[in-house]
Amino acid sequence: MSTAKSSVKPSEEIENVVIRLAGDSGDGMQLTGNQFTAVSALAGNDLATLPDFPAEIRAPAGTMAGVSAFQVQISSEDISHPGDKADVLVAMNPAALRSELSKVHSDATVIINTDEFGERELEKAGYESDPLDDDTLDGYYVIDVPMTSLTVTAVKELGAKRRDAERSKNFFALGLLCWMYSRNPDDVKDWIDERFASDDLIRRSNATAFDVGHAFGETTEQIPITHVVESADHPPGTYRNVNGNTALAWGMIAATQLSGLQSFLGSYPITPATDILHELSKHPAAAVRTFQAEDEIAAVTSAIGAAFAGDLAWTTTSGPGMALKGEAMGLAVSLELPLVIVNIQRGGPSTGLPTKTEQSDLFQAMYGRHGESPLPVIAARRPADCFECAIEAAQVALRYRTPVILLSDGYLGNSSEPWRIPDVADLPDLSVEFASELNHENADGSMAFWPYLRDEATLARPWAIPGTPGLEHRIGGIEKQDGTGDISYDSVNHQLMTDLRAEKIQRVADDLPPPEYTGDLDADVLLVGWGSTWGTIASAVERLRKEGILVAHLHLRYINPLPKEVGEILRSHRSVIVPELNMGQLSKMLRAEFLVDAQSLNKVSGLPFTVGEVEEAVRKVVHGDEGESE
Amino acid sequence: MTTTETTTTAVDIATTKRADWQSDQEVRWCPGCGDYSILSALQFALPDMGIRREDTVVVGGIGCAARLPYYMNTYGIHGIHGRAPAIATGVALANPDLSVFVVGGDGDLLSIGGNHLLHALRRNINMTILLINNRIYGLTKGQYSPTSEQGKVTKSSPRGSEDSPLLPLSIALGADATFVARTHDMDRQHMMEVFKRAHAHPGAAFVEVLQNCNVFNNHAYESITAKANREGMIIPLRQGEPIRFGPDDSFGVVLDPRHGAVVMNTADVSEDELLVHNEARDHPSVAFALSRLSPNMDEPTPMGVFRAVDRPVYGSKPVETEPPGRQLISDLLHSGTTWDVD
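Heads up: the protein sequence lines correspond to chains A and B, in order. Here the first sequence is numbered in this note's numbering, starting from 1 and rising by one per residue. Here the second sequence is numbered in this note's numbering, starting from 1 and rising by one per residue.
Wrong hints could be hidden among the right ones.
[Unchecked claim] Reference listing, derived: stretches of chain A covered by chain B, where coverage requires no fewer than 3 residues with Cβ under 8 Å from a Cβ of chain B:
| # | region |
| --- | --- |
| 1 | 51–63 |
| 2 | 112–119 |
| 3 | 232–245 |
| 4 | 260–269 |
| 5 | 457–469 |
| 6 | 612–619 |
[Said to hold, decoys possible] Stretch-level coverage of chain A by chain B, calculated; a stretch enters the list once three of its residues show a Cβ under 8 Å from a Cβ in chain B:
| # | region |
| --- | --- |
| 7 | 37–48 |
| 8 | 150–161 |
| 9 | 474–488 |
Treat the hints as calculated values from the structure; they're not laboratory data. Note that CB positions come from ideal geometry on N, CA and C, so glycine has one too.
All chains, please: the whole structure from these sequences, using the hints.
Spelled out as structure tokens, the structure:
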């Protein structure tokens with residue numbers, strides 16, 4: 001290889017690029033993608049990622065079912081979504097090419113690991129002829145790279161067996177990408193040293209493969225130019241990269257510390273929520289006890305028990321698990337104890353699409369319990385927001401002594417973005433006061449403890465924990481007498497308690513700031529979203545407004561209770577469009593609550609909306625159906 | 001937290017009486033129900049357990065017996081069907097200083113809640129579980145339960161139930177429970193002794209209490225527990241002693257390689273062939289063999305402590321709590337790779 005060319009290749013500045021990596025689920029695409037993301041974050045870019053992988057740990061190698069993909073958009077501008085179609089595809093085998101080609105632009109750069117395009121591999125992917133020879137790739141800029149053989153040749157010299165050497169090929173791809181986008185190789189090498197410190201051969205193999213990939217970029221005639229994505233204009237501060245599930249776990253730790261309580265997490269492993277349990281299990285010194293329960297029901301009921309005993313209690317799960325918790329959530333509503341139920345939503349019903357994202361548990365969160373059992377529902381809108389949402393959910397639970405549902409989803413949970421680390425001094429104080437004194441004077445002048453005597457402002461009941469002398473009391477799922485908490489089957493009392501429980505949740509709205517309402521507030525068209533669609537909708541609004549189309553955007557962080565301003569905002573726009581990754585759950589709620597003609601834009605393909613899909617829906621309303629020519 | 005003498009009433013450990021443990025709630029079991037004597041035995045035994053009311057939590061699931069928490073002047077939760085062991089697990093882990101009791105019936109703890117029972121026992125969570133076994137669903141008015149005898153005719157099994165019954169003690173021993181005992185509702189003294197032993201045991205203590213449901217399954221254990229029948233039908237388990245029972249100790253238990261524990265006439269076996277009861281045997285197999293005696297509750301039935309062994313208590317390694325504070329949050333958020341933007 002000649003080194004003479006390396007320094008003379010020109011470089012071009014670009015605003016942003018969307019890169020999609022695809023390979024077998026054993027090829028390490030998620031690791032490669034995450035590491036490219038990390039070095040891009042260090043380079044100061046704004047970014048958003050979309051991991052897209054199958055539920056099988058190892059589907060048959062080389063098949064379409066086994067393709068694991070990772071998409072990242074890096075930008076010198078503020079971005080909030082991972083990009084619609086990719087500008088660059090790295091295809092590690094024929095199945096990856098076949099499965100992912102539709103997800104890239106028709107003139108995209110396609111980097112192909114040609115070593116894997118033998119007859120057997122083509123057949124496994126379902127190709128009848130070789131896409132490298134036929135017209136499949138017409139119009140694309142194709143870069144042929146014998147990644148496997150180049151990696152093996154270099155790594156075998158270190159003493160690695162051929163099979164092991166092959167496994168480093170994802171680092172070749174990472175090296176090549178880092179060269180193409182002018183990423184600092186030292187950032188990757190440092191990380192390789194740390195990550196693989198325990199196995200020297202693997203560490204050196206991966207580092208070598210990375211170098212070879214980087215050098216290949218420098219020398220190949222196929223890539224005449226490198227690209228530079230300048231750092232984004234972020235506000236000053238200390239930044240880090242974070243994904244939604246980690247941010248959520250850290251929010252739980254923060255809430256623990258801010259409350260001064262010990263936390264208890266009852267959880268049962270379930271995709272895509274398990275990483276929260278993993279993360280919290282790493283930090284026993286943070287006053288969080290994790291309990292891996294025997295099932296979802298034990299996970300939530302143990303948390304209820306811990307809450308009764310004075311812990312800040314949590315349970316984390318995904319849709320099918322929350323269904324199992326339904327009866328216990330009803331108990332928590334009746335006991336009026338603080339508890340946060342976290343649902344990292346995934347495709348349903350039943351096992352559904354465990355690794356794919358969806359927002360279809362909104363109705364379950366709102367109504368998925370027996371009887372009249374309202375509770376607050378909060379939804380996170382971007383990965384870093386999961387941190388704040390966990391703190392907020394705890395705050396509401398503690399202040400109102402109620403279970404709270406916090407909704408995130410598989411997309412938020414797994415995707416990452418740069419996050420300006422908040423100043424901890426700005427975080428709220430969550431300290432609580434346990435009951436310590438008798439609170440009711442009987443007719444004869446003696447004092448008693450009434451566990452259901454409510455705070456006038458919040459309607460919260462006192463939290464008297466075991467160990468407190470004199471406040472011994474019994475609570476349960478049978479309807480309780482207002483005040484005394486004794487068992488009561490009285491019909492008037494049941495109506496009163498039902499009304500009180502509902503009113504208590506409505507009062508949460510007293511504390512809420514106005515919802516985020518942006519764009520052209522006098523526009524005819526209003527987009528209403530909740531949860532992880534925020535970034536896509538915000539981007540669509542931005543693009544449409546640049547085109548001169550007037551549109552407003554209302555984002556709902558609290559779905560129950562809704563902020564008080566929502567009705568008035570909805571009624572002030574002629575058209576209301578509600579993009580949701582479900583079949584229209586929020587739109588039905590808004591229609592029922594406010595009698596407005598909220599039109600729903602649905603998608604349940606396991607993937608987030610593209611910005612284009614949301615734009616298109618607005619254009620249809622603005623221009624009528626003729627406007628589709630765009 | 002602050003408490004003052006004037007507003008709250010702490011009861012001295014040494015001086016509690018049964019009445020201190022009784023709540024002001026009217027007890028609402030059917031007249032003649034065996035649960036009354038179990039409740040009073042527990043309340044009579046508690047003053048001897050050396051604990052305070054405020055440090056005591058009683059958790060029930062759903063069913064007649066599971067209502068017991070309402071009648072105790074302690075902290076208590078009446079939960080949902082089957083889940084009492086899981087709720088109690090959370091209580092026990094949140095505050096290891098508490099004395100936690102679980103009370104449930106055979107349906108609550110062996111049917112809908114069977115899973116939680118197994119896991120509370122195998123983890124050895126610090127709690128005392130009283131399984132009140134009346135071999136019937138009482139609160140739903142008389143269907144066969146997981147401990148009902150095969151062929152039992154009830155409203156939901158008019159042609160006799162097909163189900164084979166579970167033996168609660170065998171289940172507990174199968175889950176490697178560290179304390180396993182049986183008592184019955186006709187003998188307050190025996191109940192009190194067993195309850196005190198169970199409470200004193202570190203970890204999960206499992207007690208089966210044979211209880212008569214006089215409305216839906218009357219006389220279920222009469223052939224064993226009625227005063228006149230006890231001598232010949234109850235096999236008392238006494239630590240360190242050969243297992244003998246009956247008039248003039250005319251019967252004993254021996255281990256048979258093919259049939260497990262068997263009852264023999266002592267005239268037919270030599271003294272050293274009799275099984276010497278040792279509740280501290282590490283291996284649960286002998287206790288298991290004893291638990292298989294009288295599988296239909298119509299033969300001589302062992303009573304007392306089957307097993308009491310030491311094993312680490314789950315959660316006894318406390319969560320390390322650093323001084324709570326914002327510095328911990330800040331350190332966490334700044335851990336790993338960060339970069340500064342000026």
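Structure-based check of all given hints:
no., hint, verdict
1, 51–63, "violated (count 0)"
2, 112–119, "violated (count 0)"
3, 232–245, "holds (count 8)"
4, 260–269, "holds (count 4)"
5, 457–469, "holds (count 5)"
6, 612–619, "violated (count 0)"
7, 37–48, "holds (count 4)"
8, 150–161, "violated (count 0)"
9, 474–488, "holds (count 7)"
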